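Chains as they are written, first to last, in the working numbering: chain A, 53 to 395; chain B, 53 to 395; chain C, 53 to 395; chain D, 53 to 395.
I should point out that these hints are in silico values taken from the structure, not numbers from a laboratory. There's no promise every hint is true.
For identical chains, the list gives no copy identity; a pair is met inside one copy or between any two copies.
Straight-line alpha carbon distances no greater than 25 angstroms define the calculated DMTMM-like cross-link-like pairs of lysine to aspartate or glutamate that follow [to be verified]:
#1 K96 to E332
#2 K136 to D112
#3 K102 to E331
#4 K258 to E331
#5 K265 to E132
Fair warning: this is a prediction, and the values are worked out from it, not measured in the lab.
4 protein chains.
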Amino acid sequence: MLGATGMVGQIYVQMLSRHPWFEIRAVTGNSTVGKTLGEAYRGKGHVPEKYADLEVLPSDPAKIDADLVFSCLPTKAAREVEPKFAAAGFPVVSDSSAHRYLPDVPLIIPEVNPEHLDLIDVQRRRRGWDGYIVTTPNCTTVGFALPLKPLADDFGLKHVNVVTMQAVSGAGYNGVPSMAILGNIIPYIEGEEAKVSEEPRKILGKLVDSEVKPLDITVDATCMRAPTIVGHLEAVQVELSRDVPLEEVVASLAGFTGLPQKIELPTAPRRPIRVFSEEERPQPRLDSDAGEVPGMVISVGRVRKGKRPGTAMFVTLSHNLIRGAAGSAILTAELLYALRRLD
Amino acid sequence: MLGATGMVGQIYVQMLSRHPWFEIRAVTGNSTVGKTLGEAYRGKGHVPEKYADLEVLPSDPAKIDADLVFSCLPTKAAREVEPKFAAAGFPVVSDSSAHRYLPDVPLIIPEVNPEHLDLIDVQRRRRGWDGYIVTTPNCTTVGFALPLKPLADDFGLKHVNVVTMQAVSGAGYNGVPSMAILGNIIPYIEGEEAKVSEEPRKILGKLVDSEVKPLDITVDATCMRAPTIVGHLEAVQVELSRDVPLEEVVASLAGFTGLPQKIELPTAPRRPIRVFSEEERPQPRLDSDAGEVPGMVISVGRVRKGKRPGTAMFVTLSHNLIRGAAGSAILTAELLYALRRLD
Amino acid sequence: MLGATGMVGQIYVQMLSRHPWFEIRAVTGNSTVGKTLGEAYRGKGHVPEKYADLEVLPSDPAKIDADLVFSCLPTKAAREVEPKFAAAGFPVVSDSSAHRYLPDVPLIIPEVNPEHLDLIDVQRRRRGWDGYIVTTPNCTTVGFALPLKPLADDFGLKHVNVVTMQAVSGAGYNGVPSMAILGNIIPYIEGEEAKVSEEPRKILGKLVDSEVKPLDITVDATCMRAPTIVGHLEAVQVELSRDVPLEEVVASLAGFTGLPQKIELPTAPRRPIRVFSEEERPQPRLDSDAGEVPGMVISVGRVRKGKRPGTAMFVTLSHNLIRGAAGSAILTAELLYALRRLD
Amino acid sequence: MLGATGMVGQIYVQMLSRHPWFEIRAVTGNSTVGKTLGEAYRGKGHVPEKYADLEVLPSDPAKIDADLVFSCLPTKAAREVEPKFAAAGFPVVSDSSAHRYLPDVPLIIPEVNPEHLDLIDVQRRRRGWDGYIVTTPNCTTVGFALPLKPLADDFGLKHVNVVTMQAVSGAGYNGVPSMAILGNIIPYIEGEEAKVSEEPRKILGKLVDSEVKPLDITVDATCMRAPTIVGHLEAVQVELSRDVPLEEVVASLAGFTGLPQKIELPTAPRRPIRVFSEEERPQPRLDSDAGEVPGMVISVGRVRKGKRPGTAMFVTLSHNLIRGAAGSAILTAELLYALRRLD
């Protein structure tokens, strides 16, 4: 695990401390090198006893022995460090945005586009690497891009408008000062809207001739920061290719499953989307932890038709640190393992 | 003032305690009848000394002597009480939704549709009242319906999508339990979306032959409750009749004024809309109080073009208790006074 | 379970849904009679599937078949209903304050004064009941009365000053309006300080000749409400009978165990008190869930000596709904069962 | 103004923008040197138009022309910079803790110990400065040290125990991450308790032979951070030299005035202490702004006698940025001006 000592790193450590397939061999950090994980997290959360005494190492491939590397490095560090690990033969699964938009780097939601993993071969060939880099989306993208998949498949998709209310944990432990957000909302998150507008087009795109052809949709986004701890809540309006009865929209969402469900990956929920009929749900504090592995289910509610034919609206909630980061990466790693891409 | 002892009532009392034209003659309440205003507000806020000793009366027209009646009664009580006052000869300016949608009752934002006040004559004639009822919009409607006015006038308007994050004060002092909202967002407010979808069509409509012809637009709304004290923040996407350069949209919003500005009503801000260029504004805690009379200016920010031609996006913030209630009603009363409709 | 549909009721249901000894046979309520538990909790929390379909009954002994009754009724209802159940032969374990201060009713913290259960015989004899009432303390009392026990035993105790910052869940779901507490603290909780000052004297008292002789200490309390969800945090200053080195105070607290630990009751933590050495702990959001059964361990931190000889200071945190209510009652019931008082 | 660009700096600028005697001639900063004040505060608050275009200068005495210098520098910078200004002939009024505890530096609450200003002469003589340094107390100290003054004078004071719940603004804009404090309380503030225990002894001390003889009391403190924006709320227990009826304690507090009241300094409230009889007050959100100049009055409530004779308890609230920093410094400067110590 590279960059293991931040907010997301903690979640990885917790999830991996009870994982049936994976075990943490080493953790790396920056300012905390030389400390134990327990010391690095002091005052900010809990470390499972199992890993409390792991020493934080520098992010150097020569010092690490592992079958797979998770990276939750900040963008700039990721840009530098991840290729070194890939070149040194490590499969790298990264939450960082550093390489997400490169044409030969797969951007994966395991339920949505597992076939994009074939880009790995393109990537290795083109770059001459023994290892490779696979990326997961921005924490805000996952929450609505996953529910878009069944809608795009079943009814066709033309346009999306998303307004997000994002939890402070999404900005890292020191990211949002309390003076900025207590009793307040900030209607802007630097760099976020561009990511959120672009990523779904790649994720929902088709792999044609070793290249992802983006889905032909437009995505407008307004990203806000709200005084919640975890759980990105998003109000989504979609324009479908045709007018569809409400029940069909609900059925499409609620019934959706993908490859991780089919091959029963350990971190995959039985159903990745839960659809609430209660109007006052989902709520970040009550519902972010949904799922057999808590935080892996995306909660959708308030599914309604818009005033104009062919439009539908819903609210979606996802655990930004789990389904939006660590959980997605672990599920992606399970997929790589199951598909024999770690051998 | 009818129903003076709630959250909005307090704001009225504060605003009227320093008003150049109006003075409170009597306040009415329900469970607090017989107490003084000071006692009725105990523990929930401040009462200006000037009015602290006013006795709370029952809402009975026979007991009240005033040139105008403000009503912030709950819907059910308003439905019953307001017509009694209108029949007894009082001009009633009401924040309640009870009569807002009746064809002969004007629904007024003074900067937007002062000409709708001509409905007063229709109303009096039809109902045989000496007095009349004039209403102000839902607190959430004002925040985006006012900025829609210049856009509709300058560019034509076809569709609106609004996602709101509403402060807890909008639900009354006891409306939102802390258990429900601390560190949380509730993606639903009962009855709100129907109001928010319907009211702008009437407000922006044309008065033709003694009748309001609603503006031909569709409004989709998602209304949420957020852990903020005051200030409804709203993310708006509009579809205009034609593609317009961003600067023109900004200029249209920032330059807008209406009749209250022209005739310099005391509670009217010099410019009803302030447009921020800073991306991280407006924010409820910093900007709700904007304006020469605090809370009367609507703050707009993040004005952008959408991905599709002819669409624009912005964020709007309004003080839900002032511009969204007491302030709008007082400004409407000033308009009635200036137009000699209180004689 | 009497009064099962409030905040505390929900916790009981969750805890009992995975309890090794107990099973819920029936739940009672008031306004929700006839609904299922699932419906009664709608929008306020989760019900374990196992009990979601239980029908809410009225609180009538004739309709209930159970070996033991938990009561989390409001005080007034408890005063009336609990004696009926006791008279009808039910052992009643009550969180309510209704009977807590009666001389023949035991007020129990299982680790502190299990021997007070002998009052049951006095109670039955005096009142001619087949059943009996046993009570648990106020949620705020438990947090500091339990740590006082080892200090009183080891060093003698003369005076206590406690300042509390209590979570909003302690007042019930609708107890604290968000308008009152968002970004605020309320320095008063009705009726609380009297309870908090009196209860430790009874709990720490000696049973002599079928009567509890209160411990001869004075307790000064200032009880405040803070914008936290769960976890009552309390700053405690004690005056001991003699000057004691800091390490002895820490050792006394950290080493404390009682009868529930000795006989290994299922809900008993291995050590009821955890002592933090990190200065910035315990914190409500991080530490309220401490314990093998989450929420049963009381977290103590910042143990220091005061400026005057013989004084010590510490901060204590307890989960107000678990160790402060449902968990204490369940542990008490386990004790009754283990001591063969349910036969 | 030195270090004008932080949280407290903003308050100074606002207060001085409408001050009858003082005007800002120059502001200094560190990372914002070269910007205007308006740019330096962007996104964090408002700057009065009057001072928005002031350029931020480096903290160099050679570049500043002023009759008095306010310093709200961080401790380390203050230690270095303030003596330079004093040596260069400037009177320096400082909020910083850097020189507060030096025997020849007065630590002033204008209502409490104006006579300590005579230390200025000692200081100048000893250090050979043309100017001098006067300091104001820690923001937490003011809130309870001021109310202690009448109690010490009227009844004698032996011991104080204070538990504080401090607003996040006290730590500076970036001081408390939202992840740390949302829905949480942190029972520790680094370095705070030592200051809070020591300062009242100096402030309440007597000036004897050019030296402050500290008041012979002990102060125990527990300092916590709470999720409030402004207003430090403190629960105080005092041990007086004799048992005093409650009404006398209340009268002593409510009736207290000092020199600033007598000579009617512009920022002095008519009465520095307001005593609430309502049990649920004072509250940070409702009462921090108390006073003719908002934030200069200290609100006291819940005055009660303790269980032991001679003890009394109360709760005190002070605006940590105004009475706790900028306001105290401005009032001190007014005192210096009135006493002709700026000539």
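*Identical-chain pair category, K136 with D112, by Cα at 25 angstroms*: within (8 angstroms within a copy, 47 angstroms between copies)
*Between copies, within a copy, both or neither: which fits K102 and E331 at Cα up to 25 angstroms?*
between (42 angstroms within a copy, 24 angstroms between copies)
*Is it within, between, both or neither when you check K96 against E332 at 25 angstroms Cα-Cα?*
between (31 angstroms within a copy, 10 angstroms between copies)
_K258 and E331: within-copy, between-copy, both or neither at 25 angstroms Cα_ = neither (35 angstroms within a copy, 35 angstroms between copies)
_Intra- versus inter-copy proximity for E132 and K265 (alpha-carbon distance at most 25 angstroms)_ = neither (27 angstroms within a copy, 62 angstroms between copies)
Violated hints for the displayed structure, listed by number in ascending order: 4, 5.
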